[in-house]
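Trainee: Whole structure, please, built from the sequences with the hints as guidance.
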Amino acid sequence: MSLRLKALTKSIWVYHMSTGSCNNCDIEILDMLTPRFDVERFGITLVGSIRHADAILVTGSLNLKTIPRIKAIYEQAPKPCVVIAMGVCACGQGMFKNGPNCPDPVDSVLPVDIYVPGCPPKPEAMIAGVVKLIEKLRGKK
Amino acid sequence: MIKLLFNFLIFPGFLFTAVAGLIASWIDRKVTARVQWRVGPPWYQPLVDLMKLSIKEITVPRSASKGLFFLSPMIGLSAVTLVSTLIWLANIGSSSKGFSGDIIVIMYLLTLPAIAIILGASASGNPLASLGASREIKLVMAYELPFIICLIVPVIKSHGLLKLSEIINYQVVNGSFIASFSGIIAFIVMIFCMQAKLGLVPFDASEAETEIMGGVLIEYSGILLAIFKLTKTMLMVALPLFLITLFWQGFNFLSIWKYVVLLVIIVLIRNTNPRVRIDQAVRFFWGKMTLLSVLAVLLAIKGM
Numbered sequence: 001m002s003l004r005l006k007a008l009t010k011s012i013w014v015y016h017m018s019t020g021s022c023n024n025c026d027i028e029i030l031d032m033l034t035p036r037f038d039v040e041r042f043g044i045t046l047v048g049s050i051r052h053a054d055a056i057l058v059t060g061s062l063n064l065k066t067i068p069r070i071k072a073i074y075e076q077a078p079k080p081c082v083v084i085a086m087g088v089c090a091c092g093q094g095m096f097k098n099g100p101n102c103p104d105p106v107d108s109v110l111p112v113d114i115y116v117p118g119c120p121p122k123p124e125a126m127i128a129g130v131v132k133l134i135e136k137l138r139g140k141k
Numbered sequence: 142m143i144k145l146l147f148n149f150l151i152f153p154g155f156l157f158t159a160v161a162g163l164i165a166s167w168i169d170r171k172v173t174a175r176v177q178w179r180v181g182p183p184w185y186q187p188l189v190d191l192m193k194l195s196i197k198e199i200t201v202p203r204s205a206s207k208g209l210f211f212l213s214p215m216i217g218l219s220a221v222t223l224v225s226t227l228i229w230l231a232n233i234g235s236s237s238k239g240f241s242g243d244i245i246v247i248m249y250l251l252t253l254p255a256i257a258i259i260l261g262a263s264a265s266g267n268p269l270a271s272l273g274a275s276r277e278i279k280l281v282m283a284y285e286l287p288f289i290i291c292l293i294v295p296v297i298k299s300h301g302l303l304k305l306s307e308i309i310n311y312q313v314v315n316g317s318f319i320a321s322f323s324g325i326i327a328f329i330v331m332i333f334c335m336q337a338k339l340g341l342v343p344f345d346a347s348e349a350e351t352e353i354m355g356g357v358l359i360e361y362s363g364i365l366l367a368i369f370k371l372t373k374t375m376l377m378v379a380l381p382l383f384l385i386t387l388f389w390q391g392f393n394f395l396s397i398w399k400y401v402v403l404l405v406i407i408v409l410i411r412n413t414n415p416r417v418r419i420d421q422a423v424r425f426f427w428g429k430m431t432l433l434s435v436l437a438v439l440l441a442i443k444g445m
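These protein sequences, in sequence, are chains A and B.
My numbering puts the first residue of the first sequence at 1, with every later residue one more than the last.
My numbering puts the first residue of the second sequence at 142, with every later residue one more than the last.
Errors might be hidden in some of the hints.
Straight-line C-alpha distance at most 30 Å; calculated DSS-like pairs for lysine-lysine [to be verified]: (1) K144(B) - K10(A); (2) K79(A) - K373(B); (3) K79(A) - K207(B); (4) K79(A) - K132(A); (5) K144(B) - K304(B); (6) K10(A) - K97(A); (7) K399(B) - K144(B); (8) K171(B) - K370(B); (9) K207(B) - K370(B); (10) K399(B) - K429(B); (11) K97(A) - K132(A); (12) K6(A) - K144(B); (13) K171(B) - K132(A); (14) K136(A) - K370(B); (15) K10(A) - K429(B); (16) K10(A) - K65(A); (17) K136(A) - K122(A); (18) K122(A) - K132(A); (19) K370(B) - K10(A); (20) K373(B) - K171(B); (21) K6(A) - K132(A); (22) K71(A) - K207(B); (23) K171(B) - K136(A); (24) K370(B) - K6(A); (25) K122(A) - K171(B); (26) K144(B) - K79(A); (27) K71(A) - K429(B); (28) K373(B) - K6(A); (29) K65(A) - K97(A).
Hints listed in this document are in silico derivations from the structure and should not be mistaken for laboratory results.
Quick caveat: nothing in here was measured; it's all calculated off a predicted structure.
Mentor: What follows is the structure in structure tokens.
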């Protein structure tokens, strides 16, 4: 494993993007950062600016208002940057599948690297998703 | 010439201070984690963060002024490298190192990292960055006043010496300044100024990530952001050393506990205080801290 890849997988800075979710996933993401789960052990921190981010955490089903915005956000992110779809809505639109305001799922707009299902996903599920993401990144090279 | 370059780039200068700063910033994060009853990051985490940032893409906004955007991280880094070289050489070298008036040079150079951040934020063309820059300007104006007044105290107490190594020698002969009333007051004021210079909580309004999303650093990515982070970590070594040099008999490798004490004070202040608004910070520095530092100068003139 190369040094650069190790550095990338050991320090993932996450940008949280809510595309019209019901805030349940967002609250669970904040749960993941509490001392009980403490993801700073693995070098994961939440950053405020997309320019600092290595991973975009998408929650919620995309709607007409947020599709151009999430495209702009993804273009502003410095590459290499991964996309994590968090929650049932972001993974496969969930109950909004036939909604008139939600034409596209997240993976038809962005290249999603990992899916974490659940409504909302537990912090354990999110950590498992991050572990799978790191394995995938290592397997690439 | 070769020796000067070696001093500047490797031993007391850039590389050594950077490694010490990375360790210090790990201690900062680990102690913060333990205070919050967490486990905290492993020891290599600050280094890994910098390595990761250095392989990322550098994005430049279209509205940015490109030259200044790239130049300002270098200004801050070179200033802090020069400061740490001067302070280390005055402490561990022979007493002939340094020149008369190097306190004043260090005082100016210590302002440069903040000015570099202001320049870079203004050059990035982001409204939130300019908001952060205006806060940073107010903060610099606020803390520089008590900082400079406190800097007069060791000069008065050593009867007008303006050279760091001579001030250390004076303290070795006559006892450290921190043992006197004026010295301890000035030292306490300096600790608060140091907290603001490092941009840590409670004085981090300029890069408040929960409110203005990174503020001054919002548009910086990749290695430019890494250089800003490195500047902050090197300041975390240089500023406590400067305080120890001025008030606490100087520093050698046996008295590393003095540095650890100051670092723990910084971390504890950081963890037990919420972020203050910028007007509260200005009122704090221009009110209580300036009064205390004037009191310290008056006591020093009286010889206490």
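Trainee: Taking the hints in turn, state whether each one holds.
Mentor: Quick rundown of the hints versus the structure:
1. Restraint check for K144(B) and K10(A): not satisfied, since their Cα atoms lie roughly 37 Å apart, outside the 30 Å limit.
2. Of the pairs offered as hints, the one joining K79(A) and K373(B) holds, with about 25 Å between alpha carbons and a cut-off of 30 Å not exceeded.
3. The hinted pair formed by K79(A) and K207(B) meets the criterion: a straight-line CA distance of about 20 Å does not exceed 30 Å.
4. Note on K79(A) and K132(A): the hinted pairing holds, with a Cα-Cα distance of about 20 Å set against a maximum of 30 Å.
5. A C-alpha spacing of about 21 Å is found between K144(B) and K304(B), which places the hinted pair at or below 30 Å, so the restraint holds.
6. Of the pairs offered as hints, the one joining K10(A) and K97(A) is violated, with about 36 Å between alpha carbons and a cut-off of 30 Å exceeded.
7. Taken as a hint, the K399(B) and K144(B) pair is honoured in the structure, with Cα atoms around 29 Å apart against an allowance of 30 Å.
8. Straight-line distance between C-alpha atoms of K171(B) and K370(B) comes to about 17 Å, which keeps the hinted pair within the 30 Å bound.
9. As the CA atoms of K207(B) and K370(B) are separated by approximately 20 Å, the hinted pair is consistent with the 30 Å bound.
10. Restraint check for K399(B) and K429(B): the C-alpha separation of about 26 Å stays at or below 30 Å, so the hint holds.
11. Of the supplied pair hints, the one linking K97(A) and K132(A) holds, its CA atoms being roughly 26 Å apart against a limit of 30 Å.
12. Of the pairs offered as hints, the one joining K6(A) and K144(B) is violated, with about 36 Å between alpha carbons and a cut-off of 30 Å exceeded.
13. Pair hint K171(B) plus K132(A) holds up; C-alpha atoms about 26 Å apart against a cutoff of 30 Å.
14. With a C-alpha separation of about 29 Å, the suggested pair K136(A) and K370(B) falls inside the 30 Å cut-off, and the hint holds.
15. Between K10(A) and K429(B) the CA atoms are separated by roughly 44 Å; this puts the pair beyond 30 Å, and the hint is violated.
16. Of the supplied pair hints, the one linking K10(A) and K65(A) is violated, its CA atoms being roughly 34 Å apart against a limit of 30 Å.
17. At roughly 21 Å between alpha-carbon atoms, K136(A) and K122(A) fall within 30 Å of each other, so this suggested pair holds.
18. Taken as a hint, the K122(A) and K132(A) pair is honoured in the structure, with Cα atoms around 15 Å apart against an allowance of 30 Å.
19. A hinted pair counts as satisfied when its Cα atoms are at most 30 Å apart, and K370(B) with K10(A) qualifies at roughly 17 Å.
20. About 17 Å separates the Cα atoms of K373(B) and K171(B), which keeps this hinted pair within 30 Å; it holds.
21. Between K6(A) and K132(A) the alpha-carbon distance is near 15 Å, which keeps this suggested pair within the 30 Å criterion.
22. As the CA atoms of K71(A) and K207(B) are separated by approximately 25 Å, the hinted pair is consistent with the 30 Å bound.
23. Between the alpha carbons of K171(B) and K136(A) the distance comes to roughly 29 Å, so the proposed pair stays at or under 30 Å and holds.
24. A hinted pair counts as satisfied when its Cα atoms are at most 30 Å apart, and K370(B) with K6(A) qualifies at roughly 20 Å.
25. The straight-line distance between the Cα atoms of K122(A) and K171(B) is roughly 26 Å, inside the 30 Å bound, and the hint therefore holds.
26. This hinted pair does not check out: K144(B) and K79(A) have alpha carbons roughly 40 Å apart, beyond 30 Å.
27. Only pairs whose Cα atoms come within 30 Å are accepted, and K71(A) paired with K429(B) is rejected, the gap being roughly 49 Å.
28. Restraint check for K373(B) and K6(A): satisfied, since their Cα atoms lie roughly 24 Å apart, inside the 30 Å limit.
29. This hinted pair checks out: K65(A) and K97(A) have alpha carbons roughly 16 Å apart, not beyond 30 Å.
Hint compliance for this structure: hints 1, 6, 12, 15, 16, 26, 27 are broken, all remaining hints hold.
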